[in-house]
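Participant: Put chain B on the given structure of chain A with help from the hints.
Each chain, written out:
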Amino acid sequence: MARTKSTARHIPGPSSPTPPTAIAHPPTAHLPEHVITSTALLAFPIGTVVLSSLLPSDPIKVLSYSLPAIALLQSLNILLTSPSPAPVAKSTAGKKKKQANSTVSTTILGLVLTALLTPAIHIIYILFGAPVTVSILATFLLSAHTAILALFPLLCTVPLDGATWIDIVALQAPVTPAYTAALGTIAGAWLGAVPIPLDWDREWQTWPVTVVFGVYVGNAVGRVIGAVRGGKKKKV
Amino acid sequence: MSPSSDSRLRKFQLRRATRISLLVPVWFLTLHLLALLLFGLGFLLSRPVLPDIATKSASYSGADVVLPRAFKRAVVVLIDALRYDFITGSGDWDGTYYSDALTTPLMLSVSHPENAAVFKFIADPPTTTLQRLKALTTGSLPTFVDAGSNFNGAEVTEDSWIGQLLSSRGKNRVAFAGDDTWLSLFPVLAHGTYEGKNLTFPYESFNVWDLYTVDSGVTSHLWPLLERKDDWDVLIAHYLGVDHAGHRFGPDTPQMKEKLLEMDTMLKTLVDAIRDDDETLLVVLGDHGMDEKGDHGGDSKGEVEAGFFWYSSRPFLAPVDKAETINQIDLVPTLSLLLDIPVPFNNLGSPIVSAMLGPERNFQTLASAFRIVSEQIYGYRSHHPSFDGTSEVTELYSAASEAWNTSRDYVRISELYLEFQKQNLKTCREMWAKFDVPSMIAGIVLFLASVVSLIVFYAAFDGSIECASDYLDLLAANAGCGALIGLAAGTGLGYLRSRLFTATIFGLAMGSILGFAKALHSLSSVNVKSPVSKWTGLALLSIVLHGILFASNSYVVWEARSLSFLLVSFGFILLVASFRLADTKLRATAVFHSIVFILQSRIAEYPRVCREEQLPFCTSNFYASTASSVSSLPALVVLFGTALAFPAIIKSFLRTSASYEGSAPLWVGTGLRVALVLVALYWTLDYVEADPKSQANVEQIKMYKYVVSRLLFGVTVVGAPLAWFRGVPLCLRVEVTNNQEKIKQAVQDGDVDTASKTSPVSVEIIGFGNTYGSLYMLLFLSIFAAVALCLKPVGGIAMAGMVYQILTLLEVGDALELFASSPIVIPTIIALMGTQYYFATGHQATLASIQWDVAFLFTQSIRPPLTHIALIFNTFGPFILAGLAVPLTVFYKLSPSPRDFRASEATMARVVQAGTGAMIYAGGLTLINCITTIVLRRHLMVWKIFAPRFMLAGATVLVIDVAVVAGTFFAGTAIGAVYDVFG
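Protein sequences appear in the order of chains A and B.
In case it helps, the UniProt record's numbering puts the first sequence at residues 1 to 236.
In case it helps, the UniProt record's numbering puts the second sequence at residues 1 to 983.
Some hints could be false.
Claimed, not checked - Label-pair ranges, simulated between beta-carbon atoms:
| id | chain 1 | residue 1 | chain 2 | residue 2 | range |
| --- | --- | --- | --- | --- | --- |
| 1 | B | A551 | A | R202 | 36 to 46 Å |
| 2 | A | T206 | B | Y606 | 14 to 24 Å |
| 3 | A | A163 | B | S897 | 31 to 41 Å |
| 4 | A | I126 | B | S897 | 43 to 53 Å |
| 5 | A | L198 | B | P865 | 35 to 45 Å |
| 6 | A | A163 | B | V532 | 28 to 38 Å |
| 7 | B | V677 | A | A163 | 47 to 57 Å |
| 8 | A | D161 | B | V677 | 47 to 57 Å |
| 9 | B | R314 | A | P56 | 51 to 61 Å |
Said to hold, decoys possible - Beyond 12 Å from chain B on every Cβ pair, some chain A residues (computed):
| id | residue |
| --- | --- |
| 10 | S57 |
| 11 | L67 |
| 12 | A71 |
| 13 | L76 |
| 14 | L80 |
| 15 | S105 |
| 16 | L111 |
| 17 | V112 |
| 18 | V132 |
| 19 | I136 |
| 20 | P159 |
| 21 | D161 |
| 22 | I168 |
| 23 | V175 |
| 24 | P195 |
| 25 | V221 |
Stated by the list, open to error - Covered stretches of chain A (in silico footprint by chain B; criterion: 3 or more residues with CB under 8 Å from a CB of chain B, positions within the stretch not fixed):
| id | stretch |
| --- | --- |
| 26 | 118-129 |
| 27 | 196-203 |
What the hints contain is simulated information worked out from the structure, not anything from laboratory work.
Since the model is a prediction, treat every value here as computed from it, not as a measurement.
Glycine is no exception: its CB is placed at the ideal position from the N, C-alpha and C atoms.
Just chain A, same shape as in the assembly (with noise of 0.2 Å):
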């Protein structure tokens, strides 16, 4: 825990005006980040396209298929935007090679969270609605998606100390990519099981495949959103 306190890094934001907070902003922003983000901008919506389209016939194997490609894709994004060491006096060639692999296993523990804080989300669907007894799996193929979406990212890029979190859950943390991201994702959960009552009877409303979308959507517009106020404070 304490390592990770010590590696874990915040999304380079640049520097706002907001007040002082726990989390600390590195001033340096690098550019490949925005290569890869304004990527993983593009892949998502394609992302969500192709996964909408192929959901409705059968949600669960979908799901479970793709899952492990969402984890790899989150990983990479964060392990490619990741910053680099906030400029400390020394910076030698070893300590950048330690920096890396800090990097990595920051990754991993938080792949390793996101999956110990899933039944939790779970938990958090049915309190919403989701189905008890029934649909078990496809209600947690969805909070696994979610988790990767909306935890995962941010687990890797904020401090684990209980002020900052407080902070997040109490929606009073800084605006970055990641916590826009998660904060888009769940009001694209919310949204998403508005259309399930209609009767419609179309093979969309089956259970998880509007919430499904709605995530994937939210957090697309999650980090869009978080990438123009991020712009935008740049040029302030």
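Facilitator: Showing chain B alone in chain A's frame:
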């Protein structure tokens, strides 16, 4: 002025202020009532049903009466949603799938004009199958609310040709195959057997997606039944495929063509089968048509124009040049005369002219038929309360009778009788079968104005207003003057435009609103506060989100789950807000209670009785099984558990403010516990009584039951509240500490400062911080116990859950200081919970879900007012508790300000404001409901889904308003009592 007289004056002033504050909720209650009255009278068509049965009167056997020759039997083929142009086409091929498919009727009517004819068959809206079948059998104009003598909505209690046939020809003379709606209308059909052979073959009408099961089933039974033609006098075959094809695919589709071709083949075979039988009449008809999308229920041209065709191998018709247009109810007297049975008592239709004339064009027969039916209609009018004395229509009847008695000019007599029947039908239709849209709009405008005034009042009238009672005096006087002026203007205008009732009501209410607005405007000190707090915005948003559900039948059907979703979402918002609290301990409390609130909101969705439209995605769990309305044994066990545990929950909440003192242990710990155990005992006795296997003496158990229920009702509704009013059971304990030792010690230590500041005796009032809240809670719990008694066991458990959830919400609200930042948000959520728990207590937004059996909770027979109270508490218990809980949002953890008259008055003002908050929710919701109802009044599901939901919304707003008035009154009493003690 002496201090004592001054304090007496103050007490008097406060009492007056609390009384005059009551005017506010009472006024808004009245406005809502009037608005609902206007809207409801325009929307809910209602018609009193007479139970009389017709007999063959003298008019059948007069010397000059010639009746048309009777058929021995009839085959009635009802093709659901058979639109007129399905059987006629438009003459030439116009490219639609449905024309030129079902061609047999038209071809036969052209080739054999004396044996067959096609008519345009006009239905009266509502064009739903149930209402249409009622009309086609009774000859009346069924409305949504047929105020009959029984509670079972569907069963036909009026006279009908089915009933006449069964009573005159024998009990088993109707054979039936098809839509099972017939069996709910005429349960007697279910016993249709003849010599051991079954004559009734019902099929479920529910599955709209299935085009084939019903039709192939009906056809398969039709041929064998047709061969056994001596076993029945009327054979009814009700096909559903065309209707289902319309709903699912639409009229202009290949599927419809296929369906119509199937019907055509069936009709051809049927006509061939009776070609040699001149004693059988074949009638083919549609109960309604369909619109372009294939739906029905409203009054568009396509929906009301159904098709009609009849055929007999014996010539029985006078050929006509052009296809006649007849009313659907005309079938009733025609069929009655042709089958030689009395015309049903309630019939409003006229005999079909071409059949009465016959091929010989005998006008005496026609006049006789008209006379018989006119006699019947006149008899009906004189029995019916809606017609008053002599009118133009009655004069027409007199003129026709006069002509019958004096002349032999049968053409003229027929014309006169027909004119009477036409005018009669016209007046009846105006009375029963049309939405009164202006009245509905007047209701909506009034509702809108009252909700806007509520919001303005809410924003203007908070605790900060100086001298609230003076302010109310002015408003009340102005609103009263406005009402009088409006009343006069409305009456005058209404008289001129002959809409006296609508205009009077509208004028009265609008006048008082305008008077109120004028007075508010003139009060310069009143400024509507500009910044709306986020929580207030959230409250208004939740009203809109709940209201938006009424725009779609799916969400109305799944309202309970949607509300749970909304409440859980609100719980998560509370959770987020709780995490923002800086104080760690406070944050932990708020987070804990927010999570509990979320869990409660989810669990509240669990107890349910499913409505028909939710099947098969829903399983009822409220009763022992899905098919019974008896409670299960586990529910009773949990109810006993709740009775024992629930007071402990209350205690834990009172403990947080150290208020479990004074009268609380007796009232809550003992009184409430005993009351709830008695509730459980009552339902156990009920369970034993209902159990067929029990050996116990039913009469004795019944007696015990009534003893328990009446005792409990007397204590909780009369005794305890009286004690509360008289005794003011404050939950306080006075603790006196002697500080002499402490002072001595301080003096010895040389601590002069402490010694001089400590008084010799200190008095501490334990529970002072929640004086108002705990006092009010006691009364609230007493009424809760009465409501719990009137609910079925699972409902009682749910109600305890609701009170628990209200307390949880109050605790979160207290931690987040929501009562001060937005007085509306918690009352809104509590009222929303009222709707949620309405569903959790085994109800649905349908008339069928009313638990009529609790009418006999206190008495063996229907005995007002106890029967009504039991039903109201059972149906609206959650709303009553929600309304009564509203003052708690002000009182919870509120300590009195001793000797502060102004503070007490301000507290009263805040109670009134919180009450307006709940009324904004109820009024706003019902307003949205009225708007969606008027927009969707032609919707297919209007009578099944939207009209019942409107009735629930209307009842909700009134019940919440009344409960808020009562709560405000109790709160005023509590404030006065506390002021008496501390003032």
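Participant: Does each hint hold? Answer for all of them.
Facilitator: Taking the hints in turn, this is what the structure says about them:
1. A551(B) to R202(A): 36 to 46 Å: With Cβ atoms ~19 Å apart, the hint is violated.
2. T206(A) to Y606(B): 14 to 24 Å: Distance hint for T206(A), Y606(B) holds at roughly 22 Å.
3. A163(A) to S897(B): 31 to 41 Å: holds (38 Å)
4. I126(A) to S897(B): 43 to 53 Å: holds (46 Å)
5. L198(A) to P865(B): 35 to 45 Å: holds (43 Å)
6. A163(A) to V532(B): 28 to 38 Å: holds (31 Å)
7. V677(B) to A163(A): 47 to 57 Å: The hinted range 47 to 57 Å holds for V677(B) and A163(A), with Cβ atoms some 49 Å apart.
8. D161(A) to V677(B): 47 to 57 Å: Holds, at about 51 Å.
9. R314(B) to P56(A): 51 to 61 Å: holds (59 Å)
10. S57: holds (20 Å)
11. L67: For L67(A), whose nearest Cβ neighbour in chain B is about 26 Å away, the distance exceeds 12 Å, so it holds.
12. A71: Non-interface label stands for A71(A): nearest chain B Cβ at 26 Å, farther than 12 Å.
13. L76: Holds, because the least Cβ-Cβ distance between L76(A) and chain B comes to about 31 Å, which exceeds 12 Å.
14. L80: L80(A) is indeed farther than 12 Å from all Cβ atoms of chain B, at 32 Å.
15. S105: Non-interface label on S105(A) holds, nearest chain B Cβ at 29 Å vs cutoff 12 Å.
16. L111: holds (26 Å)
17. V112: holds (25 Å)
18. V132: The claim breaks: V132(A) does not keep its Cβ more than 12 Å from every Cβ of chain B (closest is about 9 Å).
19. I136: Per Cβ check, I136(A) is outside 12 Å of chain B; nearest 17 Å; holds.
20. P159: Since the minimum Cβ distance to chain B is about 17 Å, P159(A) lies beyond 12 Å and the statement holds.
21. D161: Non-interface label stands for D161(A): nearest chain B Cβ at 15 Å, farther than 12 Å.
22. I168: Violated, since 9 Å does not exceed 12 Å.
23. V175: holds (16 Å)
24. P195: Violated, because the least Cβ-Cβ distance between P195(A) and chain B comes to about 9 Å, which does not exceed 12 Å.
25. V221: V221(A) is indeed farther than 12 Å from all Cβ atoms of chain B, at 19 Å.
26. 118-129: holds (count 4)
27. 196-203: Result for this restraint: holds, n = 4.
Figure legend: structure checked against the earlier numbered hints; hints not met, in rising order: 1, 18, 22, 24.
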